[in-house]
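Participant: I would like the entire structure built from these sequences, with the hints used as guidance.
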Amino acid sequence: MSTAIQFNNVSLNYGSEDGLVRVLKSVNFSVNSDEIVSIVGPSGSGKTSIIMLAAGLEMASEGSIKINSQEIVGLRENDLSDVRKKNIGIVFQSFYLIPNLTAVENVLLSLEANQKYNRDEEAKSLLGEFGLSHRINHLPSELSGGEQQRVAIARALINKPKIILADEPTGNLDSANSESMMDLLFEYTKKSKTSLVMVTHDDSVARRCDRIIEIKDGQIV
Amino acid sequence: MVKLFNLQQLLLINKYALRDFLRSYKKLWVITTTLFISLLLLSLTFSVKQALNDEIQANSKELLGGDIQVNSGIEPLPVNILEELSSLGEISSAVELATMVSKKGQSPVFTEIRAVDGNYPLYGEIETIPEGVGEKLFLSAQKPTVLINESIQKLLQVKTGEDVVIMGKSFEVAGIVTSVPDLQNSAVFGEFAIISKTSYDQFELSSGGSFLDYEYRLKFNNPNEGGEQAKLVESIVAYDNTIETLLPNDSSQSLSRVIDNFSNFLNLVSVSAMIIAGIGISNTLLSFVNQSNTSIAVKKSIGFSSQFIQLMYFYEIILILIVTSIIAYLIGVFSPLLANDLLPKSLDIDLQPTLSLIGYLNIFFIGLLVVLIFSIPSLYSIKDIKAVALFRNTFQPASLNFSLKNIALLTFLIVILSTYFVLQTEQKFYTVLYFVAFFITILIFYGVSKLLIAILRRSYRFSNNGYRIAYRNIVAKKSLAPIMTISLGIGLTLLLTLSFVSNNLKKEISDSIPSMAPDLFFVSIDKDIKGDLESFITSMDPNVELEFSPMASASFVSLNGTPIEEIVSQNNRSAWVVRGDRRISWSEKPKEDNPIVEGEWWESGNEDEMFISMDSRAAFDLGMKINDKITLNILGRDVTGIVKNFREVDYRDISVNFAIIINKAFANKLPYEYIGTLKSELSADDILSSVVERFPNVSAIKVDRILSQVSGVLNKIFIAVTGISLIVIIIGLIVIVSAVMVQTTFRRYNNLIYKILGVDFPTILKAMTMEFAIIYFTLIFFALSVAVIGSYLIVENTLQLTWQFDFDLTLWILLSTAIVSFILILMANRSIFSPKVYPLIRNE
Ligand SMILES: Nc1ncnc2c1ncn2[C@@H]1O[C@H](COP(=O)(O)OP(=O)(O)OP(=O)(O)O)[C@@H](O)[C@H]1O
Ligand SMILES: [Mg+2]
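As you go down the protein sequences, you meet chains W and Y in turn. Residue numbering for the first sequence follows my numbering, starting at 89 and increasing by one per position. Residue numbering for the second sequence follows my numbering, starting at 9 and increasing by one per position.
Calculated from the structure, these hints are not laboratory results. What you are looking at is a predicted structure, and each value in this text was computed from that prediction instead of being measured.
Below, a list of computed lysine to any residue pairs in the SDA-like style, where the Cα atoms sit at most 20 angstroms apart:
| no. | chain 1 | residue 1 | chain 2 | residue 2 |
| --- | --- | --- | --- | --- |
| 1 | W | Lys204 | Y | Leu19 |
| 2 | Y | Lys23 | W | Leu199 |
| 3 | Y | Lys394 | W | Ser104 |
| 4 | Y | Lys34 | W | Leu189 |
| 5 | W | Lys174 | Y | Ser313 |
| 6 | Y | Lys23 | W | Val192 |
| 7 | Y | Lys394 | W | Leu168 |
| 8 | W | Lys204 | Y | Gln17 |
| 9 | Y | Lys391 | W | Val171 |
| 10 | Y | Lys391 | W | Leu168 |
| 11 | W | Lys204 | Y | Lys23 |
| 12 | Y | Lys486 | Y | Ile742 |
| 13 | Y | Lys394 | W | Val161 |
| 14 | W | Lys174 | Y | Leu20 |
| 15 | Y | Lys112 | Y | Ser697 |
| 16 | Y | Lys35 | W | Leu189 |
| 17 | Y | Lys23 | W | Gln203 |
| 18 | Y | Lys227 | Y | Glu98 |
| 19 | Y | Lys23 | W | Asn206 |
Facilitator: Written out as structure tokens, the structure reads:
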């Protein structure tokens, strides 16, 4: 067991016209490599910001962030892309499938980003596990919201990332759909010893996690 | 950039790009069509030029009429020289003369006549109607015969078998020549006839000295040793330096130069079209990037780098470029086959398509540069699309990326593009000038759009609803104003400039020149008949304006001892003054309409020294100064004279003008003839008929005939030129329409909100009209200004004519462009008027 994510005194500020917005103030936490953690807190408290920092999509103003022991604060864009594609899978609240690619092509995208080619069978079987074997060649516009989110999760998982980051993955789904979605995610992460960091507003979801990190006004409570 | 990618990744880029292209090609139609049209234009001009030059090269011997041509001027070659030459090959001797061909009841026609022997033509064939009547010339039948061209046939209304009179002798028309291999200007555009050398000798026909030329064409026995044979010929005739020799290349070169100059101009216009297409490419690409922003963000979140995504889109455009350039190239290559049908038959040109890799790469390279220049700022906008947007569900529209690095790169590419064109042309100066003017015009119009927006922002805001909406649309971030001002502005400027220039030229030829010019132009009048001719004409019309000037032939040898060829390049504006035979004149006093601008006129009565008065413009171009020494060859003898003064000569009135005038005292020793002009209230046709009947050896050109020939040729050129500048406008319109269509979603949304707010349809329509009118009027003002300045400079400086503004023409062009553009814009916008806008609310 090792440390997958390590935040040390991380601050995030945005400069705006009426001064500095201090979004995160000296945040410290770590996530182990097979841990499932949920982040909860009121709206605007900085949950999404934490996810973006961990994904290397936003640059911390201060502090250090380590992903699998590699420091990512201060890396250039290309190196961040590299860290991301090797370690991280992201699931968004609004799915964000690429509209002109079919389900399987969307999934293949993350394999191909990692220079893994011609792995169609693998992608199809994962979609099959997610109960989508009959929807493989459909475009996102032809899928329901739940189906789209399952494709999005498959896209995040196919590359066997060591860390999955999810920002309110069930936010756009009804309760039945979100239940089965969580089952999928939990089952997969347990099985493959992957760490999962998930932002959620849903208490029942949060309670199923190994640990809850609560955040308020940019600080962990 | 490329080093970051391995083969597998390149394959992946290929796969993604192809897939993306196949699924979204509809969004790329603007790039495809505008790129295609402009590449096609470029390819057409390149191919036709290439084919014409090939044809000229391949037929250079036919064009000359032999392996070598020897011109001995007004004297035939001595018999012993001819014998020496005939040992080298077959000789065809001919005499070129210019004289009148007449028929009872018709006005005589000034004609270039060629008297040929039985060996003519050595290469190629004469084509006639009826076929094969060329032979008839040499039958020693009872009556001499003549072949005339179609133009004479029409002017004299003469049929085959009827008689015409040449220098008082009757000739039967044997047929019509439709083409001769050794292409003559007069055979194509003017009046041309062929008789046999025997008739010429028999009747002792002879026109005035300066229009007579003995020509000998040779076909070598050993064509393989053409080079050495030609040297032999040159050495045989070297005894007399007035004897000229011409090789096949000499005749083809001047023709090629004309073609090159014209095609270079067309190339520049095509590249302008391509640059406007580039603006469309840039705009479409940017909107394409913006439409694909989620896909781009998702790819980034998965771990694809910006470079990878940029390369993928770039690769898509390169694919479009490859496909369109190949099609455009192929159509271009085979276009000469079509051109064959369009060219006049008398040119006897048979163009052949030639496929060549270099030819294709040439077009591809130019296309690539334009695509690079215009896609870089759009593609670099991909960098600005951030994956974090996926968490926030908000996408900022990306805009063109003009980082310092990009600006440097773009400047570099633009310099390469311009240099590439400049290096390919002889007219380097004008090409550079064109590019500079072109890019300045782009900047002007870009500035105009910014200015318009800035002024509108500050101006008083009318409370009229339509105006408010129009105002909002123009100052909005995605305003049509910049793209419309630039692309329509440049097209309109080009069209206006070319129309102004052509209109001024046409006016000059149809209005100004005829009012100043004489009616008749007498050429080479024997000094012995001058007096009789003068009194004959004055007896017909006592008020006639007759002016005769003495004239002798001379050629320019050297300036201050340096051979003139070493001083004056072929592209010199005044090269014509020192090239070939020039007619010089003399007088005691300066002519009134030739004011002296530098130096002094000479004292009369210095018969041992030659004094020279030069045309001031030629003197400037050739770098002459007062007291320079000029050597002229007059009748075979080199004479050196001193430049005494420069005169301002206005050639426009087509009166008798000479670039070189010498002192009368010296000239009195020279053999000479007269040249003259006539202006009369009586009909020029009647005077000419009577004169030719009474003086069969007098030749005169009718000025209106020349003018109509010139304007005929000019008309054709300008139709072509205007057509091409119209293509630039069409491409501009496609670009605008695409910009409008890119905006429709955004506008639909706005208009829907206006509707909900209670703004009715007529107001929205009024707003659109106002928006168009505001932009178009601003644009007109600047397009017109640039065109007026541009055409003024061309007309006054390059063509040396008086510039005039034509209000009707301007109005016509501006109005028709406005109507066409506005209708197209309305059509592109039609979806915003559709009632099905309500679903939009749910989607947004
Ligand atoms: N670009 C920015 N400039 C200034 N402030 C920003 C910017 N982006 C985010 N913020 C601020 O940062 C704070 C934290 O945002 P964040 O998205 O992390 O909140 P969140 O906890 O995810 O909220 P929610 O539960 O509503 O999604 C918010 O107050 C927001 O206004
Ligand atoms: Mg959030």
